[in-house]
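Protein chains in written order, with UniProt numbering: chain F, 1 to 253; chain X, 1 to 277.
Calculated directly from the structure, the hints in this document are not laboratory data.
Hints should not be assumed to be uniformly reliable.
[To be verified] Here chain X is said to cover these stretches of chain F; the calculated rule only asks that three of the stretch's residues, wherever they fall, bring their Cβ under 8 Å from a Cβ of chain X:
| id | segment |
| --- | --- |
| 1 | 67 to 75 |
| 2 | 82 to 93 |
| 3 | 114 to 121 |
The beta-carbon is built from N, C-alpha and C at its ideal position, and this holds for glycine as well.
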Amino acid sequence: MATRVPGPLTLQETPAPERQVVASVQGLTRRFGERTVLDRLDLEVARGEFIALLGRSGSGKSTLLRALAGLDGEAEGGLSVTGSVAVAFQEPRLVPWKRVHANITLGLAVPNPKENADAALAEVGLSERAGAWPLTLSGGEAQRASLARALVREPDLLLLDEPFSALDALTRITIHQLVLQLWSAHRPSVLLVTHDVDEALLLADRVLVLDAGRIAHESVISAERPRHRDHPDLTSLRTTLLSALGVSPEGTS
Amino acid sequence: MAVLELETPVQAETRPAPRAQRRRLGGKAWQRWISPLALVVAWQVASSTGLLPTRLLAAPSTIAATAVELIQTGTLPTAIAVSLQRVLIGFAAGALSGVGLALISGLSRKGENAVDPIMQMLRALPFFGLIPLFILWFGIGETPKVLLVALAVSFPLYLNTFAGIRGVDGKLAEVARTLGLGRAQLIRHIVLPGALPQTLVGLRQSLGVAWLALIVAEQVNANAGLGYMINDAREFLRTDVIVVGLLVYSALGLLTDALVRLLERRALTWRREFLAR
Chain F
1 MATRVPGPLT
11 LQETPAPERQ
21 VVASVQGLTR
31 RFGERTVLDR
41 LDLEVARGEF
51 IALLGRSGSG
61 KSTLLRALAG
71 LDGEAEGGLS
81 VTGSVAVAFQ
91 EPRLVPWKRV
101 HANITLGLAV
111 PNPKENADAA
121 LAEVGLSERA
131 GAWPLTLSGG
141 EAQRASLARA
151 LVREPDLLLL
161 DEPFSALDAL
171 TRITIHQLVL
181 QLWSAHRPSV
191 LLVTHDVDEA
201 LLLADRVLVL
211 DAGRIAHESV
221 ISAERPRHRD
231 HPDLTSLRTT
241 LLSALGVSPE
251 GTS
Chain X
1 MAVLELETPV
11 QAETRPAPRA
21 QRRRLGGKAW
31 QRWISPLALV
41 VAWQVASSTG
51 LLPTRLLAAP
61 STIAATAVEL
71 IQTGTLPTAI
81 AVSLQRVLIG
91 FAAGALSGVG
101 LALISGLSRK
111 GENAVDPIMQ
121 MLRALPFFGL
131 IPLFILWFGI
141 GETPKVLLVA
151 LAVSFPLYLN
161 TFAGIRGVDG
171 KLAEVARTLG
181 LGRAQLIRHI
191 VLPGALPQTL
201 VGLRQSLGVA
211 WLALIVAEQV
221 NANAGLGYMI
231 NDAREFLRTD
241 VIVVGLLVYS
251 ALGLLTDALV
261 RLLERRALTW
271 RREFLAR
């Protein structure tokens, strides 16, 4: 695997020299008619790293994720993913006519799909809802099921498209913890698309800010997890990220 | 009149439980029986006093007696068997072609271009107007009757199944792709189950028109069946037999409708539980 060559916009060099690259994007461009949503974007995702991709709406973050998920056939440029990819979407997108366990095993090509599904559901704390219809789940339960469906595939790259944005604040905190737990247990590379700066600060190794179709800012967070919101490193980084997003930080104007 | 009122109890029994309960508790279902019963009583009084001549409409009591007699002599069961057979064969043929064509045009653009324009053109034809042609082509035997039913059945099923397939949530198709499902699996796990609710709507519509088509076909030329029984009764001014025939038609229609609703409840549990919450 190629070692990482820092791009022109990289602000901080990441420390690990021998990195295995799971996904690599070179000069990716995506246009919708006249509008250029991704503009010659470069990105490398190392094995096991947790990346948060921040950006205002319309900055192209979901477009990048869709390209990585193989859902966009019209993006131009280089894109290669080593290994398997799984996606959890903003809306859980469970298949409503399949019970929860059947949603988990859908398309799962392993010898014992049922056992794997049970294990995955246990891991996200949803064992007792295995036989339920998706439409009877709460928002948090549905999102857990969606995570279980992604994780049961043991992906090398897990793509999370704002999966927590529709959850209430309390549920979101528990799901954050769950995601970290699952990530440390399975160690997939994670690309989390979000517009929530705090979420990015709490979860990610590396935070990227997407603007006008390019990566406009990159920060590496080395603080130990679990992180506290008021950690001094995070506080200063929050200000930096917010201004990179074009938002003036709280308290100043 | 009495025919229309029959619908109320059937619906109350086969609808999802909570709704029926709500109606029973809130609406006091028996109150809905007052006006139809009053109507039947008024009808009986009018007939008994000679206000309503039997050659126009027989008395309810006469109709009931005739019904018992027709059942005992075997006339009615035989007629029902003949008509039911026509509907079943016609329905099976129509459903098969309607759903089959919907699959062809729903699942591929090429199929749509080939099938849909023809179906849309044929749909515009008044199919009862085809009867003279059918008689010329197929004579006056069973074939034109069964074909008319088949034709009537195929369109609602085609249109609804096609719309159902095309209406499947594109987001779920994306999920299927990210889960590594191939085209055949996509159709099996996402497209067909997703189209099922709409197909069942088509099924109910098509069963409704199936009976209608049968009634029309049997009026034209028949030597057996319910339509024949009714036409024969007209010759002898037997309004009681005519009304019995009509009641049987509507009862059979309600019965098949109830069957589809049962099927819906079985096949769409994932929706019903949601609705019942």
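Checked hints:
1. 67 to 75: holds (count 3)
2. 82 to 93: n = 6 at 8 Å, threshold three: holds.
3. 114 to 121: Since three or more residues must qualify, the claim that chain X covers the segment 114 to 121 of chain F is violated, with 0 doing so at under 8 Å.
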